[in-house]
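So the sequence lines, in the order shown, correspond to chains A and B. To convert, note that position 97 of the first sequence is 143 in the numbering used here; the numbers rise steadily by one, no gaps. To convert, note that position 74 of the second sequence is 76 in the numbering used here; the numbers rise steadily by one, no gaps.
Since the hints were made in silico from the structure, they are not lab data. Treat the hints with caution; some may be incorrect.
[Stated by the list, open to error] Only pairs whose alpha carbons sit at most 25 Å apart, straight line, appear in this in silico DMTMM-like list of lysine to aspartate or glutamate:
| no. | chain 1 | residue 1 | chain 2 | residue 2 |
| --- | --- | --- | --- | --- |
| 1 | A | LYS88 | B | ASP28 |
| 2 | B | LYS59 | B | ASP28 |
| 3 | A | LYS113 | B | ASP58 |
| 4 | B | LYS73 | B | GLU61 |
| 5 | A | LYS102 | A | GLU49 |
| 6 | B | LYS11 | B | GLU61 |
| 7 | A | LYS144 | A | GLU61 |
| 8 | B | LYS11 | B | GLU75 |
| 9 | B | LYS59 | A | ASP73 |
| 10 | B | LYS16 | B | GLU81 |
| 11 | B | LYS73 | A | GLU91 |
| 12 | A | LYS152 | A | GLU103 |
| 13 | B | LYS59 | A | ASP101 |
| 14 | B | LYS59 | A | GLU49 |
| 15 | A | LYS144 | A | ASP124 |
| 16 | A | LYS88 | A | ASP101 |
| 17 | B | LYS59 | A | GLU91 |
| 18 | A | LYS144 | B | GLU75 |
| 19 | A | LYS144 | A | ASP101 |
| 20 | A | LYS113 | A | ASP73 |
| 21 | A | LYS88 | B | GLU61 |
| 22 | A | LYS144 | B | ASP58 |
| 23 | A | LYS152 | A | GLU49 |
| 24 | B | LYS73 | B | ASP58 |
| 25 | A | LYS152 | B | GLU75 |
| 26 | A | LYS144 | A | GLU51 |
| 27 | B | LYS11 | A | GLU103 |
| 28 | A | LYS152 | B | ASP28 |
| 29 | A | LYS152 | A | ASP104 |
| 30 | A | LYS144 | B | ASP40 |
| 31 | A | LYS113 | A | GLU51 |
| 32 | B | LYS11 | B | ASP28 |
| 33 | A | LYS113 | A | GLU61 |
| 34 | A | LYS88 | B | ASP40 |
| 35 | A | LYS88 | A | ASP73 |
| 36 | A | LYS113 | A | GLU103 |
| 37 | A | LYS88 | B | GLU75 |
As a plain string of letters, each chain reads:
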Amino acid sequence: QKEVEQNSGPLSVPEGAIASLNCTYSDRGSQSFFWYRQYSGKSPELIMFIYSNGDKEDGRFTAQLNKASQYVSLLIRDSQPSDSATYLCAVGAGGYQKVTFGTGTKLQVIP
Amino acid sequence: NAGVTQTPKFQVLKTGQSMTLQCAQDMNHNSMYWYRQDPGMGLRLIYYSASEGTTDKGEVPNGYNVSRLNKREFSLRLESAAPSQTSVYFCASSPGQRSGYTFGSGTRLTVV
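Chain B on its own, in the form it takes in the complex (with noise of 0.2 Å):
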């Protein structure tokens, strides 16, 4: 039972760089999330997808962009990474808008 799986787990890129970060849940929630988590700014949601085959931008979207593959798997790009993107970022899910949210264990992301 995995629960959110998330990979990889840490990961430096250079500025300009692109990358895609993967996201799956054996769960069979319907909504899937992004988030950066930052000290002193909490978390911050980037996109969601609120059921399969549908994508909307959270709260700081600029520089990402998302896929929702299929119920499974909710992946983030970075077109172009920059140190502003460095940061801690975690996938979750939940069965629906009033549920809690389960996470994955976080990306470790450093962009020089």
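Chain A extracted, bound-state conformation (with noise of 0.2 Å):
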């Protein structure tokens, strides 16, 4: 069973509408959790981080984790074509090497 669960798409949104990218995750000590973007043939970028159930908005991003549910999302409003990527999840458990990643979901934002 992978430690971190997303779906891989390709998730298809009409420019404008809200993206919602999910993640699960397994261990249920984890303490951090993070989301990157990752353009194609590019490394990943952090956008968002998120340490307490909850949401957590910067911009048009939203990190919403639920500890109990073993849950975290990231919501992107008013998507633009330059939104279109792979999202990456990331869950930290504590200690340097207990940073786990997903394997992504792509996300097209059609015009």
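Mind assembling these two chains? They're in different frames, but the hints should get you there.
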């Protein structure tokens, strides 16, 4: 069983819509949660992190964490074609080698 | 403000050859990491260095060695390359263990 699970997609949304990306994790001791954006052929770029249950907003991005359900999500409001990328969920369970990455969800924003 | 710099960007090796991937960061981060990324398998940790002077194995260390030369530089060495090491390699750094990572631009390595 994968420790961090993401739907590989592609998730297609029209321009201006809300994109919802989901991630589940298996380690109940997880403490830190990250979302990275990776354009094709490029390196991952950190866009959001969250440590506590609830929502965290940064511009058009909102990260949501529910530790009881072991679920973290990323909402992108007013999606733009430039948001088309693969989004990686990463979960940290404490310790330097305890960050596990999901395989990513490919998002396509259709103009 | 370069961030994390990796060299080379592309490399083709023959089976059995050796090479060193270089990584340097200018953000005064304590921790540095080497990952490989393969299709369908996500990012997997090869080695990490929590702080200058320390290195530890990650999930997939076999066939690799590392050196934390100083606080800025963390190199990855393949002593005898194998086709299974064909991958994209990313170096990353972070201020600490609960912080997100800044990644370098990657090295695309092909072993034939």
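Here is what the structure says about each hint:
no.	hint	in the structure
1	A:LYS88 <-> B:ASP28	holds, 20 Å
2	B:LYS59 <-> B:ASP28	holds, 24 Å
3	A:LYS113 <-> B:ASP58	violated, 29 Å
4	B:LYS73 <-> B:GLU61	holds, 23 Å
5	A:LYS102 <-> A:GLU49	holds, 23 Å
6	B:LYS11 <-> B:GLU61	holds, 23 Å
7	A:LYS144 <-> A:GLU61	violated, 36 Å
8	B:LYS11 <-> B:GLU75	holds, 17 Å
9	B:LYS59 <-> A:ASP73	holds, 21 Å
10	B:LYS16 <-> B:GLU81	holds, 12 Å
11	B:LYS73 <-> A:GLU91	holds, 22 Å
12	A:LYS152 <-> A:GLU103	holds, 21 Å
13	B:LYS59 <-> A:ASP101	violated, 34 Å
14	B:LYS59 <-> A:GLU49	holds, 19 Å
15	A:LYS144 <-> A:ASP124	violated, 34 Å
16	A:LYS88 <-> A:ASP101	violated, 28 Å
17	B:LYS59 <-> A:GLU91	holds, 24 Å
18	A:LYS144 <-> B:GLU75	holds, 22 Å
19	A:LYS144 <-> A:ASP101	holds, 23 Å
20	A:LYS113 <-> A:ASP73	holds, 10 Å
21	A:LYS88 <-> B:GLU61	holds, 23 Å
22	A:LYS144 <-> B:ASP58	holds, 12 Å
23	A:LYS152 <-> A:GLU49	holds, 19 Å
24	B:LYS73 <-> B:ASP58	holds, 15 Å
25	A:LYS152 <-> B:GLU75	violated, 32 Å
26	A:LYS144 <-> A:GLU51	holds, 16 Å
27	B:LYS11 <-> A:GLU103	violated, 35 Å
28	A:LYS152 <-> B:ASP28	violated, 31 Å
29	A:LYS152 <-> A:ASP104	holds, 21 Å
30	A:LYS144 <-> B:ASP40	holds, 19 Å
31	A:LYS113 <-> A:GLU51	holds, 15 Å
32	B:LYS11 <-> B:ASP28	holds, 19 Å
33	A:LYS113 <-> A:GLU61	violated, 31 Å
34	A:LYS88 <-> B:ASP40	holds, 13 Å
35	A:LYS88 <-> A:ASP73	violated, 29 Å
36	A:LYS113 <-> A:GLU103	holds, 18 Å
37	A:LYS88 <-> B:GLU75	holds, 21 Å
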